[in-house]
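Visitor: Taken in sequence, the protein lines are chains A, B and C.
Those letters in the first sequence? Residues -12 to 280, per this note's numbering, in order.
Those letters in the second sequence? Residues 62 to 333, per this note's numbering, in order.
Those letters in the third sequence? Residues 5 to 428, per this note's numbering, in order.
Hints listed in this document are in silico derivations from the structure and should not be mistaken for laboratory results.
Every beta carbon over 12 Å from chain A, so not counted as near; a handful from chain B, in silico:
(1) LEU130
(2) THR196
(3) PRO246
(4) GLY249
Computed cross-link-like contacts, SDA-like style, restricted to lysine to any residue with a CA-CA straight-line distance of at most 20 Å:
(5) LYS293(C) <-> PRO168(C)
(6) LYS242(A) <-> SER423(C)
(7) LYS64(B) <-> LEU77(A)
(8) LYS185(C) <-> TRP174(C)
Positions of the beta carbon are idealized from the N, C-alpha and C atoms, including for glycine.
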Amino acid sequence: MMRRGKLGYLFIAPATFHLVVFAIFPMVFSIFLSFYKWNLLTSERSFNGLSNYVYAFKDPLFWNALWNSTKYAALSVPLGMIAGLAVALLVNQKLRGVTIFRTLFYIPAISSGVAISILWIYIYMPETGLINSVLGMLHINNKTDFLKNESLAMFALVFMSIWVGLGPKMVLFLSGLIGIPPSLYEAAELDGAGKFRSFWSVTLPMLIPTTFFVLITSTIGALQVFTPVYIMTQGGPNEKTDVVGYHIYVEAWSKFLIGIASAKSFVLLLVIVLVSILQFRILRNQLEGYSTT
Amino acid sequence: MKKLLSYLAMLALAVFLMAPFVWMVLVSLQPNKAPIPTLDHVIPDHPAWSNYRLVLFDQPNLPVWRFFLNSAIVTFSVVVGQLLVSSLAAYGFARMQFKGRDWIFYVFLGSLMFSGPVTQLPVYLLVRSLGWLDTYAALIVPGVSSAFTVFLLRQAFTAIPNELDEAARIDGAGDFRIYARVVMPLSGAALATSAAFSFFAVWTDFFWPLLSTNTSNMRTLEVGLSVFKTSYGSTNWPLQMTATVIVMIPLLVGFLFSQRYFTKGIMIGSIK
Amino acid sequence: MVKRCYVVVAIMLGVLLAGCAGKGNRGEVTLHLSNWGGADDDPVYARKIDGLYRQFERENPGIRLEIESVPDEYVQKMILSFVAGTAPDVLSLDASSAGVFINNGVLQDLSPLAAGDPTFKASDYWANVLAIDQRGKALYAVPGDFTPLVLYYNKKLFDRAHVPYPSGVWTFQQFLEVARKLTLRDSSGRVIQYGYNFTNWMPGWIVWLWNNGGDVLTPDGGRAKGALDSPQNVASITFLRDLVLKEKVSPDLSQTAATGVDPFGNGQTAMEISGHWELTSFKTAPKLKLSDVGVAQAPTNLPKGRTVMYEVGFAIPKQARHPKESWKLIKYLTGHLYQQAYQQTGIAVCGRKDVANERATDPREQQFLNLVPTARGPWGAQVVGYDFVEQEGKKMMERVLAGTDPKQALSEMADRIDSYFKVR
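The following block holds chain A by itself, in its conformation from the complex (with noise of 0.2 Å):
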């Protein structure tokens, strides 16, 4: 029997009074913060009233960065939750020496988030990048340069993020596929169901938890990406790759207007909030689904 009483609160009191203090009470300041406009170095503050948010929704470049995080968050976490269950598949093998390959493959998601953005610059140069290297060795266009490229360097973002990604998504998948009990493919077999069949109705279904998991947090990760913009694009080019994440950085840290980033911050915390309100409702039904099958 667990106890009862008073006790848990006792427990539970240091961590609860950090989450209030460095979590929920800077919250609840944000907010506050929005309605103000505060100069940090003099410190004048004057009440703004709804003023920072009509200024958030008519600025076209927060427009443009909300958008370019949801494309973002869209092509990463996808891509990356795709490669991530692949790789799993192939690592969930009896074969010798697989686990050394694991380690390998989580490498580049321990990395130095700094390091990996200043090494993958290069790789992305022209000419002398590394893909570009290779590709002029096969005697292929080698004058690309995929950070400066309009249409290219989102797309270059999210590879590097695929790649940094894999090793975290791979040990989650793995785990989820370790876990499905062996009885369940044995009892799809006698049902005469075949190895891909097996795949859609034991391996997918059996996964769920773990994909709610995965894409829940790469999700909110992903709309909050702020590293990889600030060391390799700056938002550029002309604001292509200038996600939400660092398009408020900027706001407070760079132009120093704390009330308009407090309200652009909020706004964030919104579309995250709704967007995983959104993929539990998804998820949850398609769980049920599975179950009464």
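We have chain A already, so just place chains B and C on it with the hints.
Guide: For chains B and C alone, kept in the frame of chain A given last:
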């Protein structure tokens, strides 16, 4: 045949994932100020090890050792703090009964949604009014508890059978004793996994140390590296890559020691 | 396991506390001097400057000097240090961002300190250089060094093409003709040498706007609309675009990035516009002899040429706790000894006339001094948030080089600046 194909696929993938790192090391060994080499000249005739000496020791204004020490102090403190604070909370959520427990836990979960750019500004102002900016407190205290770690450990603690603490209770043990003597010792793997995750998250954190410190004595390695990017300009690739390799080495060493916690997927089994 | 953790935490805390307590001996003042010098690929130079700082400590027993180098995002970091209450005792104040500090009133007016110091003479400085950090009678920084932007040319390439060196006033059109003659192609039509090296750096290319009679902001610095989108500026931006895209007398930006070397220093372009610091990189450039570098004024469509100058001064924050010692440090940094030694590094022209004139025997240095009267401080010294304008300028130029109409690009840029200026 299928085996062979699998190996080929894994090998190709390994090359794809590792090639940038190999290239990074090779470029770091090009002579100082040399242009980026083409692929056929990427293996240097005379590796310029002196680049490493230059970056590590010949920078009176950029104390790389100090950056390293700062990263170590901050990461260690945060990881230990998280394990203590979060495991206590996880125990409360997993093995105790009290009013509003689930509701509070959902708030913890929900807080995972806002991090990064959304709360940095108010947290910055809060830390400023506490007078902590540019101190270890600013780097450590906001991280000593993590909703994510609470979540992970709660899952692990829930999985421990109740019979074990019943025995302890009969012996007259209270909850703190059960937490310290039964649940914690049995959760070594989960604790290690959480520690490993936090270690890399904190060590490579960029945004917060970038904002909350502004003297070079307080910079962490990760922020120090971004400084190297601008300093050597867009023209000195060998030195930039040298700095990048230097930052990567402690991470790789840490990973080699902890990799089984990442790749075995212990934590994930408990997510469902 | 838990117990062991407690022990380790206790040890860590001990280390932290010891580290904090160890700061500052009694009776000793520690001064923090900020600058943006960072990691250096030339250890000899770094040691030399460090030696000069130690010299100051020897001359002033009881004062310790600590250098705070912030090579990345210097302005932002400095603003945050004021916000955090950890501003340095002496701040290196870059003219291109001085406005944010001066206009927000976070710097001390140095004129009382200067008036009380018989060794400080305003006549030691060029009036227009000193004016950059002045507001009326108030003085917010003492100039350390500065540089007007000039046009560098490679004499060898000019000789080879039998083109006379530029001298005095010359127009955009004359410049274009020279650049065409100096652009060489091989038999397959590939360019092997460019006439001019255009870099998309607004603090540099602003001289093209000024020399065509245009400007970035209205005279009071309040707005961009009505100044930035002027026909003169449209013409200048079109001219620059054509240098790269139509005339192809300048490499395009990604070409420059890909080679990873400075094309002028590599003997691959005949002209470029830059500041004095460039001379230090020419010194070590593999394919360029310093004696082959000529200095001229930028082309102009006006009767007299104009240029911009970037200056670094030393300022004392209002929150600094040792103004007297800080002033001592400023006097040292702007004194004869330090300035002479600093001048040898070749980064810039010295703020002090007497020291700067010592170098005037060199014709290149003389040319820099000749151009000082035609130079004006940057907008950033006068208005808050000009760094944003410069970032927008870079983006605007990128758009133009990617095909956007210059008039439209300039007008959009002006709108963005004004909407930011309204809320800043």
